[in-house]
Amino acid sequence: NAGVMQNPRHLVRRRGQEARLRCSPMKGHSHVYWYRQLPEEGLKFMVYLQKENIIDESGMPKERFSAEFPKEGPSILRIQQVVRGDSAAYFCASSPPGQYEQYFGPGTRLTVT
Amino acid sequence: TQLLEQSPQFLSIQEGENLTVYCNSSSVFSSLQWYRQEPGEGPVLLVTVVTGGEVKKLKRLTFQFGDARKDSSLHITAAQPGDTGLYLCAGNFGNEKLTFGTGTRLTIIP
Chain A
352 NAGVMQNPRH LVRRRGQEAR LRCSPMKGHS HVYWYRQLPE EGLKFMVYLQ
402 KENIIDESGM PKERFSAEFP KEGPSILRIQ QVVRGDSAAY FCASSPPGQY
452 EQYFGPGTRL TVT
Chain B
3 TQLLEQSPQF LSIQEGENLT VYCNSSSVFS SLQWYRQEPG EGPVLLVTVV
53 TGGEVKKLKR LTFQFGDARK DSSLHITAAQ PGDTGLYLCA GNFGNEKLTF
103 GTGTRLTIIP
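Quick note, the sequences are listed as chains A and B, same order. Going by this note's numbering, the first residue of the first sequence is number 352, and it counts up by one from there. Going by this note's numbering, the first residue of the second sequence is number 3, and it counts up by one from there.
Read the hints as simulated data drawn from the structure, not as lab findings. Hints are supplied without guarantee of correctness; some may be wrong.
Claimed, not checked - Residues of chain B clear of chain A, computed beta-carbon distances all greater than 10 Å:
(1) 30
(2) 86
(3) 97
(4) 100
(5) 101
Unchecked claim - Heads up, simulated BS3-like pairs for lysine-lysine below, C-alpha to C-alpha not over 30 Å straight-line:
(6) 395/A to 413/A
(7) 61/B to 72/B
(8) 59/B to 402/A
(9) 378/A to 395/A
(10) 72/B to 58/B
(11) 58/B to 378/A
(12) 59/B to 72/B
(13) 58/B to 402/A
(14) 395/A to 422/A
(15) 413/A to 402/A
(16) 395/A to 72/B
(17) 59/B to 378/A
(18) 402/A to 422/A
(19) 378/A to 402/A
(20) 58/B to 395/A
(21) 378/A to 422/A
All C-beta atoms, glycine included, are put in the ideal place defined by N, C-alpha and C.
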């Protein structure tokens, strides 16, 4: 059973460009979470999605950030008009319904130049 | 806003020694997970505890959940260099999102 997959592992964007981060959950997992880890800081929750629904986006910045988890395909975290402060490691986690455990992917390291 | 405090922040000990790291919260956890994170990788789940007073063992690692479900500890017996890493506790507080502690960075010296 493959683990949570994220791509790309590394992404470099210039200020003002768009960044698209992809996450494929573990097989059988219908819940997806996105977390951000800023340099020298802990992991912070961003958004929780189920198929075609955003359940909790209380950790998402109000502007430029969006997330989706379509019926088919991976979950996408989209950052528009990136700024240097968006440079961070972005982790996706998944869980099966009704369980507390969240399993993390290897992360996407975004660098904004 | 729930806060998780982990202590110590850094710990460096000799191979073969025992150690304990702690995770404390001012709020009651619905559940608590311990993770280990290597540089450049995602957190790897070690254990989940749910019931107050629960003790779980994973080889040389012993996890304890406080009776009031507001604190937890991780004890490692006979530490080995392979135990080196960042240990994170993370809790649910009545919803699905995890709140993470700042971590304990453990170094085992051969």
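**Report entry** Hints violated by the structure (listed by number, smallest first)
**Finding:** Checked against the structure, the hints that fail are numbers 3, 4, 5, 8, 13, while the rest are satisfied.
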